[in-house]
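Participant: Hey, can you work out the whole structure from these sequences and the hints?
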Amino acid sequence: FGYIRDIDHKMKLELELDRKVEYDLITRVYIEQVMKKITNYALSKNNNGSNKCCFVLLEIANLNQLKRLYGLDGAEKILFHIGRILRICFNNKYIVGRIPEKQFGIFIPNVLDKELIKELIEDTIITAINSYSLTTENFVKPTINVSIYVAPVLRSTFERLYNNCRWWFSWL
1 FGYIRDIDHK MKLELELDRK VEYDLITRVY IEQVMKKITN YALSKNNNGS NKCCFVLLEI
61 ANLNQLKRLY GLDGAEKILF HIGRILRICF NNKYIVGRIP EKQFGIFIPN VLDKELIKEL
121 IEDTIITAIN SYSLTTENFV KPTINVSIYV APVLRSTFER LYNNCRWWFS WL
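So the sequence shown is numbered by the working numbering: it starts at 1 and just counts up by one.
Be careful, since some hints might not be right.
Below, a list of computed lysine-lysine pairs in the DSS-like style, where the Cα atoms sit at most 25 Å apart [said to hold, decoys possible]:
hint, residue 1, residue 2
1, LYS37, LYS52
2, LYS77, LYS67
3, LYS141, LYS67
4, LYS52, LYS114
5, LYS45, LYS77
6, LYS52, LYS93
It is worth saying that the hints were derived from the structure and are not from the lab.
Facilitator: Here it is, written out as structure tokens:
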């Protein structure tokens, strides 16, 4: 019986470790590879010709400036704050992930209206990000570029959504 318990304990530790590897350590949202896998799976399950999906790409345009001004610790606090906002706003509804260094992606299945997504991003996400401050005076806020891309689910993949989104950045 002692041997079986050791295996159970080891398996639990391995499963916990696998779960931790799925999330970005700073922002606590999915890492890109996991987001890609889950998004492609969701697209394959909802492959109805009439359904539309949405991919939102948020980019912190001045992340390097923030790193220079506040150091790596300060920049990580800003990233943590942005990840927290995204987790709160999209918790368990949509797929949220961090894409290399300064981008966040949000996959939203079954979208009816792009304007509703745009309002959510502008009114909730950007407002919450802009309300954060590391210091009380002369705080340089993150500059967020946003791209929203709506496409039919049919023949969509994470790569297509992401690549199309990258080329359609707009300033909010």
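Participant: Are the hints correct? Go through all of them and say.
Facilitator: These are the hints, each one checked on the structure:
no., hint, in the structure
1, LYS37 with LYS52, "holds, 19 Å"
2, LYS77 with LYS67, "holds, 11 Å"
3, LYS141 with LYS67, "holds, 12 Å"
4, LYS52 with LYS114, "holds, 10 Å"
5, LYS45 with LYS77, "violated, 36 Å"
6, LYS52 with LYS93, "holds, 16 Å"
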